[in-house]
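Given these sequences and hints, build the entire structure.
Below are the chains, spelled out letter by letter.
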Amino acid sequence: MGIIDKARKKSPWIIHYDCTSCNGCDIETLACLTPLYDVERFGIINVGNPKHADVLVVTGSVNKRNVRVLKNLYNQMPDPKAVVAVGACACTGGIFSDCYNVYGGVNKVLPVDVYVPGCCPRPEAIIDGIVQAMDKLEGKARNMKHAASGKQPEAALQASTGNNNDGANT
Amino acid sequence: MTDVIKDIILVVAAIIVAPIIGGILNGLDRKISARMQNRYGPPILQPFYDVLKLFGKERIAVNQTQMVYVLGYLFFAVASLGMLVLKQDLLMIMFVLAFSNISLVMGAMSVRSPYSKIGAQREIIQMMAYEPVLLLMVVGVFMSTNSFMIKSVFDLDKPLLYSLPLIFIAFIYVLTIKLRKSPFDFSTSHHGHQELIKGLTTEFSGPQLAIIEMTHWYDLVLLLGLITLFFAKPIWVGILIALVCYFLEMVIDNISARVTWKWMLKYTWIIGIGLALTNIIWLYLKNRA
Ligand code: SF4
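First to last, the protein sequences are chains B and H. Each residue of the first sequence is one higher than the last, beginning at 0 in numbering that gives the first Met the number 0. Each residue of the second sequence is one higher than the last, beginning at 0 in numbering that gives the first Met the number 0.
Note that these hints are calculated values from the structure, not bench results. It cannot be assumed that every hint is accurate.
Pair by pair, the computed Cβ-Cβ distance ranges are [as the list claims (entries may be wrong)]:
id : chain 1 : residue 1 : chain 2 : residue 2 : range
1  : H       : Arg257    : B       : Asn74     : 30 to 36 angstroms
2  : H       : Met91     : B       : Glu137    : 42 to 48 angstroms
3  : B       : Asn74     : H       : Ile123    : 30 to 36 angstroms
Simulated crosslink set (DMTMM-like; lysine to aspartate or glutamate; CA at most 25 angstroms straight-line) [unchecked claim]:
id : chain 1 : residue 1 : chain 2 : residue 2
4  : H       : Lys30     : B       : Asp37
5  : B       : Lys9      : B       : Asp97
6  : B       : Lys70     : H       : Glu194
A virtual CB, placed ideally from N, CA and C, is assigned to each residue, including glycine.
This is the structure in C-alpha cells:
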C-alpha cells in the first residue's frame, strides 16, 4: 500500500447533498460536525464543493426535480469517489417511496457504496458509514489506475455513473 | 566559488524544509483551533494527508492555462523564499510575492465559476489593502539600515524592532489578511463558506489544489521569516516571537467573525498605513536630529 493510499484513508472530504429529506437526516449529519462528535478528528471535512470532495453524502429520496442536480454533483467530483446514502429515504425511498414524483433511493441513479439505515441514523452510524466508504475508495483507486492506461477520463466517468452498485450494509 | 555552492545548498535546503515546517505549523494550527473550540481535532500530520491524497486524485483541468497559473503561484512563492534565505533585496521579495498572488488570482479568474471570480476579486481588494503597508514596511527598513538588502538587517547591532515598533504592529495586522484568516478570510478559507463555497480555490481540484496548499505553507514560512527579521539578533528570539505571533493569529482567527471587505479596506488603510507612516515620520525626524 503506497503512501498516497494511506493518506487517502485519513482524509475523506465530504459534500453533503440534501435531496428530498425531511431534514431529520440533515440535522444528524450536521451534528457530526459539532464538538461532541467532531468528525475532523478523522480528517473528515465538509467542503461543500464537489470538485474537492471524495465522498458524496446524500440524504433523502431522489425525485424528478433533484435527480439532475444529484447527477451533476456526482459528475463534478474527481475520481476516486464514493457515495454514502444516509437514512431510510436515501437507501430505498423510505416513507416517501410511494409518492408520484419519487424515483426511490439514491441507488436508482448513482452507484451507492455504503448504506446507512435508520430514520434517522445516529451520528455515530453516519461517521462509521463514511469511514467504511474510505475503505471502498482504496479498491476504486486501484481500478482508476488500470483504467488510466486505456479509457478516456470522460468515458470512464460515464461508465462509473451508469454502473450499478454492490453496496454493503452498515 | 564555494560561496555559490553554499548558497545553492542553502536554497535547496529551504525549498525542502519549508513545506515540512509549514505543514506542521498548519497542523498545529488546526489542532489548537480545535482545542479552542472544545473539539479533539485532527492529527498534527493531517495537512500532509490532505495534500498527498489530493495528489492521488484524478486530474480535472477546467482549461489548459489553469495549471500554468498554479505553477506560477508556487514558483514565485518559492523564489521569494529563496531570496529571503539568501538575504537578498527586501523590496524585490515583496514584488515577487505579489506576483505569486497575482498568478493565483489570474488562475481563479480564468474559469467561469462565479464563486471563483468573486473570490478572485476579493483577493485583489485584499492585496490593495495590504500592499501599501508592506511597501511602507520596506521603506521603514531602508530608513533604519540605509539599504534594501536583508543582509544589512543582520548587520545592525540593535534589533529592527527598536526603530520600527509601529510598523511591526501594522505588519502583524496585515499578516491576518495575508494568511486569509478570520476576520479577513473572505477570499477563501480552510472551511467552505456559505455564500462563496471555497472562493478562489473553488475550481481547482486534485493535484492543482495540492500545489496551492503547499504554496500556502511556503507563504506561511516566508511571512514568519519576515517577522523574524524584526528580531534578527539573536535569531532564535526572532523565531520564538514569530511563533508567538502565529499563535496570536490563531486566537484572533477563533474569536472573530468575518467582516466586510469595505470594513477591511477602510481600517487597514487607516490603522495599517497610519501606524506605518507615523513610524516613518518619527524615524525621519530622529535621523535628522
Ligand atoms: S430517513 Fe427519516 S429522518 Fe431521514 S429524511 Fe427520511 S424520513 Fe427524514
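Structure-based check of all given hints:
1. Arg257(H) <-> Asn74(B): 30 to 36 angstroms: holds (31 angstroms)
2. Met91(H) <-> Glu137(B): 42 to 48 angstroms: Holds, since Met91(H) and Glu137(B) (Cβ atoms, about 47 angstroms apart) stay within the stated range.
3. Asn74(B) <-> Ile123(H): 30 to 36 angstroms: holds (31 angstroms)
4. Lys30(H) <-> Asp37(B): The given pair, whose Cα atoms are some 12 angstroms apart, holds under the 25 angstroms limit.
5. Lys9(B) <-> Asp97(B): violated (39 angstroms)
6. Lys70(B) <-> Glu194(H): The hint holds at about 22 angstroms.
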